[in-house]
Amino acid sequence: MIEEKYIELMNKEIDHLITSEERIRLHNYISVNNEAKEYYDELLLTNESLNHIPDHQPSENLKIRILNSINFNKYNVKTVKNKYLKILRVANFRFVYTFAAGLIAGIIIYSLFFVNAGNVNPDDISGTIGINNSAKTIGEIPLNFPGISGNIELKEKGSTIWFNIHSNSSQPADYIITYPRQIQFEYIKPGSSANMTILKSENYIKTSNSGSQEFTLAFTKNNTPSSPIHIQLTQSGNLIHDYEFSLKK
Amino acid sequence: MNTDDKVLVRECIDGSKEAYKEIVEKYYKVVYRLAFRILQNSDDAEEITQSVFVKAYENLENYNPNYKFFSWLYRITVNETLNFSKKQSFTEKINIEYSIIDEKPDEIYDRSELGEKIQDALMELDMLYRLPVVLKHFLDYSYKELSYLLGIPEKTVKSRLFTGRQLLKDILIKNKVYK
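Chains as they are written, first to last, in the numbering used here: chain A, 1 to 249; chain B, 1001 to 1179.
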């Protein structure tokens, strides 16, 4: 009679799964049990006998017969359906190139706009107080004096600067604008509802009005100005305030 | 899994005939040899091999890439062999008288070779036990892998394998292959 646990150990040994401790136990058992020894030898021989089964090769045309028996249409239909999915799946790297191309195109387009910014059309006066809204506001000064209210907004885009002046006064008020030679005067445009008088000479502009004044002044910077732009607010010949704007190139 | 196989399977599903031809080229011999070792008949093994590749193609979408592709093919081979064997057992019972009568003297002589005696002994073993014995011996798979191939728990694999060896041993003794 052979104990079941030792039959299991014999099989484990054949399958190379036995531990060294189990092997010692097994062989101690076999050495004192002839029946177990005989069983063990027969089991080894049985396992070894399987190596005598001759190997066999298939006939030469088996591959062709296999391929001929397959209906390849099954996935052909799907190919058309998944054409785009295939592109997505197989060629993910193409997206990288597409993205890169898009990015480059975007940069070029942006650059075109950016370059154009240096050549701002001074006649473009769209916006709240008459200038291109895409221009950057670099300063805003409130006007808050007895009988006078409003604001001066300073905008810049590329080499062009704009002053948007908007004020309301109960008495006639004048704006006297003086600017250095290094700055080129482009235009002065009154707002649609403004009723004002404009006097201009070299490096000097004077606007006069009672009630509402709304106008835009445009200049182009050529070089770093040596002196600032002054906007003086006067009433009846008296200086109310002198605003000084130092411009950087 | 083998990355090449994974790519090939993907390409097959995308409609590439060439990819499947490559799979067939790569595995038809190993599938055939496995089927032959289980059935010990070249015609049957070829029929099984053909059937395995047809079934595999039709079920490529169900293939789980977490398993090795050839293990999946082996599993189909095992299933096809079992199905084939069930059909055959009925036919064999009917033809048994004729098969004995049809044996020619030179064939009887050839079958005395050791290898063929062992083949015969193996064929006497019930398929339930023959499969784990053959798969373990020729594929050297772990019990876990055999469990996947046979679709049975590891414990059952061990039990059938050990019993199968014992039964084969008894058949070899009975047939006086050794002793």
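Simulated from the structure, these hints should not be mistaken for lab results.
Incorrect hints may have been included.
Said to hold, decoys possible - In silico DSSO-like cross-links for lysine-lysine, where the CA-CA straight-line distance does not exceed 27 Å:
| no. | chain 1 | residue 1 | chain 2 | residue 2 |
| --- | --- | --- | --- | --- |
| 1 | A | K63 | B | K1026 |
| 2 | B | K1006 | B | K1086 |
| 3 | B | K1055 | A | K63 |
| 4 | B | K1155 | B | K1176 |
Open item on the list: Check the structure against each numbered hint from earlier and tell me which ones fail, lowest number first.
Closed with: 2, 4
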